[in-house]
Amino acid sequence: MSVTRIEVKDLVVRYGDQVAVNGVSFTVGRGEHLTLLGPSGCGKTTTLRAIAGLEQPSGGSIRIDGETMYDATERRSVQTEQRGVSMVFQSYAIWPHMSVFDNVAYGLRVRKQSQADIKTNVERALDLVQMRHLAERGASKLSGGQQQRVALARAIAFSPTVVLFDEPLSNLDAKLRAEMRVELRELQRRLGITAVYVTHDQEEALAISDRVIVMNVGVIEQIGTPEEIYNRPRSRFVADFVGSANLIKGKPAGEGLFTTESGVSLKSVASHTPHGRETEVAVRTAYIELEPRPGDNQVSGKVRRRLFHGDFVQYVIDSAIGPLIVRRPPINLLAEGADVTVSFSPENCVLLEG
Amino acid sequence: MRVPRPRINGQALTTLAILGIVGFLVLLPMIFLVEESLNVGDPMAFPPVEFGIANYISIFEEDFKTVWNTVVIAVMATVMAIFIGFALAWILTRTNVPGREKLERLMELPYYMTPLVGALAWAVIAGPKSGFINQMWKAIGGTNDIADIYTHFGIAWVMALFEGTVAFVMISASMKSMDPALEESARVMGASKLRTMLTVTLPLVMPGVMGASLFVFAEMLGSFAAALVLGIPGRIYVITTAIWDSTLAYPPDYGRASAMGLSLFIVMFVMLTLYRRMIRRGTFTTISGKAFRPRPMDMGRMAWVLFSVCALYVALAVVFPIAALLMTSLQRFATVILSQAQWTFANYEIALSLGPVRTALFNSIMLGLGVATVGVVIMSLLVWIIYRSQLRGRGAIEYLVMFPQAVPRLVFGLALLWAWLNIPIGIYGTLWLLALAYFTVMLPLGVRTLAGVVLQIDKSLEECARVCGASWAYQMRTVTLPLLKPGILAAWLLIFMACVRELGASAFLMGPNAKVIAPSIVNAFATSGTELTAAMALIQTFTVILALIILFRVARGMTKELQ
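Note that the protein sequences, when read in sequence, are chains A and B.
The first sequence lines up with residues 1 to 354 when you count with our numbering.
The second sequence lines up with residues 1001 to 1563 when you count with our numbering.
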């Protein structure tokens, strides 16, 4: 990424004896959409709140546009309202005692803009989220989706360069969430906002981000583009949490080879420099074919169970390397009990770091 | 690793200052009380010179009867209150009784009536000889009295009716937060409504009922008004009235009173601690804190029977008492036989023209206005510090602020009396001391009410203001305070009402030049006729109601403005 907007270094946040974030470092480039992904309690929201200044870290540093916002060694911590970042909250935090207009105008009024500027900026922001017609409505009379939009308009109204998103879509129903994902992405691109986005929804993270950080128990598991995270998971946790994968136990057997516990040899790749103590490879359920393909890893098997999901079919295959989950398009259905040859490319057989 | 701790000294100072002031108000009187309870020398010596535990020993020797009375009455009152509370809570949250919402509102009324007014009213209704029930009984040919409220049962009955409301509130809260699917699945498995109630509802809310019982029992042990009005004529003393009595004796036996007060406090404190333990330990596993949409059971024709149960309760606790007081206050000599009645407004004229009564009423209202207004500001600040700030030691502040809840009002009044007799600042016997006392005893009520509202306000509403660039002061002004407005108003109202009706603490702290209304009503009951007392009680009640109506109007205007 071109220029660094946010720089987080060795961040540590403690709650009493508990360590919520344990030495997290990353940078966010100008105009980049970075997502912190992980299960609840992994420290992603705490990291975000520390950037906003809503959480007091106990170690490390946070810089925005080169300016120190927090630094443990300098004993410096800039107040939230001085940091110039904006944020969309999980609960939306729409003030119920104000109208939609007043909600959106809040940041502008704090910045003492003129009445005319406030009006133009609020209307521009409301237009962006298609909520201008509801400007005068009381905020307590909005539906969930509308509150979501108002929260978004309020967050961008005062033209911040950095917007933090704390699971903004998690309270919407599935259909609306999918729509808002597209809109959010559009908006972020169009306005050139630098976004740090927190979610526990891996699909959402892959769909809207430039880069994804997978977190677990307070530390970073992997940083990469959505494709890298999906195709080359580094650890068992990433392979398991993002997408769906078959994990096959065994041990490495020299350059690009892996011997499973059942004694089958597989050609594999690794995203790290192998150290020889790895115990697992991951194979994505979507990357497995049920017909022989030359050059690929091939194992014989039998269809034990077929589950029709609509958008895809999930097979449970009893194979020479153990039971495998396979997802195929819902065409050319195989019957339960059919003999098949399972094949997958060495590229998609990823050695996990352990 | 070095940890930055900005403004640690400022924070520590703030905490210390608050702890110091609240501690001075709350704990210091108790220390004086302990000192005095150990005084075995001259009871009027300040400070005492001879110490011993004779006062405590005499509780078990001389006052054993009093302890026995207290326990018997408290047990009876608790059983009745829990039974009434459970039945009403089940009817109103679990069945489709007609007029459910209106009935639920009516359930609050006995609380607003106060035990003092309730006791006076029931003295009129069921007093021996001249009580309305006995009058009617004789009018239709009966010879002996059939009702006597001046008994253990009578006192317990009035306590249960007017102080037991809390049982209803607590039990219905635990019923409301129970997932109705738990009951529905029992019905689906083929259980009848009654069986469902007995095998599912009852066991599930049992922890709630146990908690409520413990809480109510502690309240009943420290109850004063009903025992004062109904116990003294029949010479039935409970601990609170015995404390009161021993300070009126000549010479006043403050040592004995303090020892009894402290013992009562310790018993209540232990029970309330047990109660808190119980809720905290998560015995309420079914109670998720989430409110469920009520899905009441269809009771068919039985619904009207349940309705009459509720109606009967409202009649016994509100309608009959008010009617009896009204009738009494409008007659020269109270009678229920209408042909003999001599109607008059004289009692009201006397009550309002008597200098002391007028001053007392005026003082009470002024105290209510002052304490509520100043109190709400300070309490809001305390609540914000306790529940929203990161201040160290906020747990200790919360504990101190809630402490007066465990002290019976009367005992706290005694403690304050003793403290301010010893502290060389001349506010003893003035309204200032009363104001200070009211503020201290209202701390738990006010803080709890305000905390309820503060905790409901999502933290992110405040955080969002900060992220938008607002300073702390700007955020407080534009977000926090406007959202708190309804809660602040509610707290103000509750404190105002509680002040105007305050009896326990006032009883000891009232001076000849600083009279307030509730103790004056008690005095009138002891020295003048029932008719005059009834008029005074109603004047007090209607003053409170009037204040309520005015404030609800204002409140409605304010909430409209909010929307």
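Simulated from the structure, these hints should not be mistaken for lab results.
A couple of the hints might just be wrong.
[What the hints assert, rightly or not] Derived DSSO-like pairs (lysine-lysine); straight-line CA-CA distance at most 30 Å:
1. B/1129 <-> A/175
2. A/9 <-> B/1459
3. B/1129 <-> B/1065
4. B/1102 <-> A/141
5. B/1065 <-> A/112
6. A/141 <-> A/112
7. A/141 <-> A/119
8. B/1102 <-> A/119
9. B/1102 <-> B/1485
10. A/249 <-> A/267
11. B/1485 <-> A/112
12. A/119 <-> B/1176
13. A/249 <-> A/175
14. B/1065 <-> A/141
15. A/175 <-> B/1485
16. A/141 <-> B/1129
Any hints from earlier that this structure breaks? Give me their numbers in increasing order, please. Violated hints (numbers, rising): 1, 5, 8, 12, 13, 14, 15 and 16; every other hint is consistent with the structure.
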